[in-house]
Each structure stands twice: as structure tokens, then as C-alpha cells.
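Hey, can you work out the whole structure from these sequences and the hints?
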Amino acid sequence: MKANTSSRLKKVLSAGHLAVTSECGPPRGSDPEVIVKKANLIKDHVDAVNITDNQTSVTRMCSLAACIRLKIMGLDPVLQMVTRDRNRIALQSDILGAASFDISNVLCLSGDHQSFGDCAQGQNVHDIDSMQLIQMVRHMRDDGKFLGGDDIKRPPQMFVGAAANPFADPFEIRVPRLAKKIKAGAEFIQTQCIYNLDKFEAWMKLARDRGLHEQVYILAGMTPMKSAGMAKYMKNRVPGMDVPDALVKRLSDTPKEKQAEEGIKICIEDIQRLKEVDGISGFHVMAIEWEEMVPEIVEKAGLYPRPEM
Amino acid sequence: MIVADKKPIEEIIEELGTHEKILILGCNECVTVCEAGGKKEVGILASALRMYFLNQKRDVKIDEETLQRQCDHEYLEEIRDRVDRYDAIVSLACGVGVQFAAEKYFSTPVYPGVNTCFMGATEERGLWTERCQGCGQCILARTGGICPVSRCAKRVLNGPCGGSTDGKCEIDKELICAWQLIIERLKALDRLDDYEALSPLKDWSTDRAGGPRKVVREDVQP
Numbered sequence: 000m001k002a003n004t005s006s007r008l009k010k011v012l013s014a015g016h017l018a019v020t021s022e023c024g025p026p027r028g029s030d031p032e033v034i035v036k037k038a039n040l041i042k043d044h045v046d047a048v049n050i051t052d053n054q055t056s057v058t059r060m061c062s063l064a065a066c067i068r069l070k071i072m073g074l075d076p077v078l079q080m081v082t083r084d085r086n087r088i089a090l091q092s093d094i095l096g097a098a099s100f101d102i103s104n105v106l107c108l109s110g111d112h113q114s115f116g117d118c119a120q121g122q123n124v125h126d127i128d129s130m131q132l133i134q135m136v137r138h139m140r141d142d143g144k145f146l147g148g149d150d151i152k153r154p155p156q157m158f159v160g161a162a163a164n165p166f167a168d169p170f171e172i173r174v175p176r177l178a179k180k181i182k183a184g185a186e187f188i189q190t191q192c193i194y195n196l197d198k199f200e201a202w203m204k205l206a207r208d209r210g211l212h213e214q215v216y217i218l219a220g221m222t223p224m225k226s227a228g229m230a231k232y233m234k235n236r237v238p239g240m241d242v243p244d245a246l247v248k249r250l251s252d253t254p255k256e257k258q259a260e261e262g263i264k265i266c267i268e269d270i271q272r273l274k275e276v277d278g279i280s281g282f283h284v285m286a287i288e289w290e291e292m293v294p295e296i297v298e299k300a301g302l303y304p305r306p307e308m
Numbered sequence: 000m001i002v003a004d005k006k007p008i009e010e011i012i013e014e015l016g017t018h019e020k021i022l023i024l025g026c027n028e029c030v031t032v033c034e035a036g037g038k039k040e041v042g043i044l045a046s047a048l049r050m051y052f053l054n055q056k057r058d059v060k061i062d063e064e065t066l067q068r069q070c071d072h073e074y075l076e077e078i079r080d081r082v083d084r085y086d087a088i089v090s091l092a093c094g095v096g097v098q099f100a101a102e103k104y105f106s107t108p109v110y111p112g113v114n115t116c117f118m119g120a121t122e123e124r125g126l127w128t129e130r131c132q133g134c135g136q137c138i139l140a141r142t143g144g145i146c147p148v149s150r151c152a153k154r155v156l157n158g159p160c161g162g163s164t165d166g167k168c169e170i171d172k173e174l175i176c177a178w179q180l181i182i183e184r185l186k187a188l189d190r191l192d193d194y195e196a197l198s199p200l201k202d203w204s205t206d207r208a209g210g211p212r213k214v215v216r217e218d219v220q221p
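Chains as they are written, first to last, in numbering that gives the first Met the number 0: chain A, 0 to 308; chain B, 0 to 221.
Simulated from the structure, these hints should not be mistaken for lab results. Treat the hints with care, since some could be wrong.
Claimed, not checked - In silico DSS-like cross-links for lysine-lysine, where the CA-CA straight-line distance does not exceed 30 Å: (1) Lys248(A) to Lys167(B); (2) Lys179(A) to Lys60(B); (3) Lys186(B) to Lys204(A); (4) Lys172(B) to Lys6(B); (5) Lys225(A) to Lys172(B); (6) Lys231(A) to Lys172(B); (7) Lys186(B) to Lys179(A); (8) Lys201(B) to Lys182(A); (9) Lys152(A) to Lys201(B); (10) Lys198(A) to Lys172(B); (11) Lys234(A) to Lys172(B); (12) Lys167(B) to Lys225(A); (13) Lys213(B) to Lys234(A); (14) Lys36(A) to Lys264(A); (15) Lys6(B) to Lys38(B); (16) Lys167(B) to Lys182(A); (17) Lys144(A) to Lys201(B).
What the hints assert, rightly or not - Restraint ranges, calculated between C-beta atoms of paired labels, are given here: (18) Glu77(B) to Leu95(A): 57 to 65 Å; (19) Ala201(A) to Gln98(B): 55 to 63 Å; (20) Ile8(B) to Ser114(A): 23 to 31 Å; (21) Glu34(B) to Val35(A): 33 to 41 Å; (22) Cys118(A) to Ile8(B): 29 to 37 Å; (23) Cys61(A) to Leu126(B): 38 to 46 Å; (24) Ile71(A) to Gln98(B): 48 to 56 Å.
No residue lacks a Cβ here, since even glycine has one placed at the ideal position from N, Cα and C.
So this is what it looks like as C-alpha cells:
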């Protein structure tokens, strides 16, 4: 995989280490300290930090500005970009803006529908889709050209990622869809939160059968459950999520004051199990508004210290 | 066809303000089929307005007329000789008819009596669903005859997105994911391999993005 990029994430992965990424959601305000504080909680335990792009369509500080903040702190941010809010002009422009700060990872997404957020009456853009965004960034990087055909002076050097949902329907296209993202140019994949490990391992096997694990780095998405209530919410309310009944039961059977601890324990157990799965290149630990738990998870899962690059 | 839905009568009454001679103008095409603006609906709206004005003790004259079409000069011309008798028209045609009537009768206020919704089909009586957004560059040949532009909430051309669960769209558990339908159809056509072909960036210049559109056909022009 050739990519002339300064991405630390890329270096960790190409050196053959299991990578660890995490994410920070920007604040609903302009205080830069919020993002700095969150980043400081996790910075020594991860290789790169994703910054979400108005996740669940709730208006927040922009991903790009928060990424710049991390870059200034010396971290390796992953710029999440959704195609919901920007057309191809704005997307290319933001890629260049990010590249001007040497932000060198991008995660291409379509984004939750705006009806989930605080501007349900707003328009969505969807000029291009997430697959085409992957192609666009690769085109800008590899061909050094804008979509319009003109040359880019100092093209962006981005390590290009995409999301994958191993649990999405319909079943027939779960792996073909991954193949399609690789064909579009995805170099790393961060998966949807994994709770149904059997199903995920079945998906990985199908991916391996096609040799896809050798064409892309797959980072397994892990989100610890804070409570039985959260497990039920994720199961019933979050689109595309597969939460087995046994997990909900295990948390429900745990006394309330111990549920958070149990959630962390489950997350660590899951990482331990998935570390053994052939084709897994790392973990994307998304501790939603619970960033302070990332170090413990990473340490107890045997993923600490992070390699020096 | 173009599918429209009735406007709340309170909104129509507010639009009408102090007008005293009103023509309710229906259309015999799409809005008749979707039961929003045909002769029957013209009658219902006219009766409701008459009753309202009577209760208000206001002397307002309400006439009814339904044209074959409101999007053609020749049919709209049929009311030219009597349009001066009215100080307002409520058109129950789609937005096209309302505007065409307003262009033709420039000094008469024309108010919309329906909300024009989309291009769609009658699934069953009382249920119409969207099928086309008129993007001007049809891609149905590639997508198994199912349109992701009009039927996917994110108009994703390489779908489905991650929000598709049990074949349903993330915005509504009752709404079938367009990409679920596309994949089922490709399977039925024994073309599932086509799924892995990347759909290129769409040229939206033939869509609304390109500004008001027109179709010029010199071969059929007089």
C-alpha cells in the first residue's frame, strides 16, 4: 500500500502493530479546552484520534477545527467527513484546509440523516456519497487533481479510511460492500461498534475468503456499555446496531452500581478475543463521552504501551 | 403522476383575505387521480368555504370549474371570457397549474389550494409514494429499475448506507431501504455482480442544481 503520508496511524499499521484509535466528539460550543481536555485523557494510549463530524446530525464545533487543535498538540487526528452537509466544492476545500495543517487521515462517511439532529427541518446535500468521497480524496492525492481536472498545488497526503458495518442488511452485500470500498480506494476501515462477536467473526471469515484483509487494514470498533439502559438503547434505537440479548441480560443482571465496571470488563474481553482473529489490524475504541476509560481499556486489553514511531 | 395533498382549509381562508368573488379551479389530470384537486375536491372545498363565509355573515360568491388540464394554454384559455368576474382564483392543480394560471391571468390573484408533493404512483387507494425526482439523467438501468435518488433518504448512489436495518431505512422503521430493493431486484435479475461496480459521481447539472430547466424539441416544434 503506497501512500506518501505523515500519518502516524499509517506508520503503526504498516509496521505490523495492532493499531489503537479512539474518538472525541467536539463540544456544542466554541471552548477549545473541551477538546484539549478530552485529547489529553487518551493521547498516550492511542495512535490516532478521530474527530466526529456533527455526529447524529447535532450541530457542534466543526471536525476540521478540532482536528487542527489536536494537530497543534502533536497528535495524529483522523478527520471524519460526512457527505450530508457539504457539496463537492466544500469537501475538496476542507480536504485542502486539513492538508494545509498536515492532517493526514480522513474517514469518509455519509452521516446520519438530519432528522435525528437539532436541525431536522434543514436540507441535506448528498452531492456525492461516502464511496465517492473515498474516490475523490484518492484522486486529489494520487493524481494531484481537483475533480474539475485542474492540478492541485501541493496535493493532500491523506491516509484514506472508511466505515464498515458488518451487521448491515442485506446479508448478501455485507462483504461485497467492503470490497467496493476497497475498490474505491479505502486503505483502512473502522467498523461499526461490535457486540455480536460471532457474527463479526463470520464476516471477517468471508472477508478473508476474498483476501480483503490483505488489501485494507481493518480496525474493530469497540464501545463499552455504561449501563444496561445504554445496551437497550443501542439495541433498539441506534440504526444498524446488533446488540445480542445475552449482552443486555449480562448487564441487566449486574447491580446498577456495578454495570459500568461490567461494561468495561466486557469490552476488554471482546478485544482480547478479537485480537486473535486473523485479519484484524487494530481497534477503534469509541468510549462515547467516557474518554477517561480509554486508557484502562487499552492497558487491560494488552495494547499498551503504544509503539514509538 | 404528480402527487398533491390538500391544504388545510384554514390556510386557504387566510390566503383569501377579503376577496368576495372566488373561482375554485380544479384540474382533471394528476390531482384528480390522487383525489386532491379534481372536480369532486373542488365541490367539497367550495361547499366548505360557502359554509364558512355564511357563518361569518360575509357575502362571498364561490364558483366551481374544473379544466382538463391547467398546464396547457388551450385548456386554461377556456375561462378567459369569465375570469374578470372574479377577484381571486384558488387553483387545486399542482404547482405547475397554479403558476401557469397566474402567468396567463396576470392581474388576478391565483392561490394554491393544494401542496404539490412529488412524482409518484398510487400504491393503493389513499396511499401514494414517491418514485422520481426528475433529476434529468435517468440511472434506472444501473440500479435494477429502483431509483436511489428519489427513494433513498440520502440519495446514496453506492448504497446502502450503514443505517439500513432489517431492510428498513434509518429515518423510519416502516420505510423500505431503497438499496434493499435494488439488491433484491439485481438478485432476481441474476445481476448481483453488478453491485460491485462503482457508481460514478452524478452530474447534477440536469437536476435542480443546474437552475430552472427546459426541454427543447425542435423536431416537434411547429
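inquiry  = Could you work out which of the previously given hints the structure breaks and list their numbers from low to high?
reply    = Hint check: 2, 13 and 21 fail, others pass.
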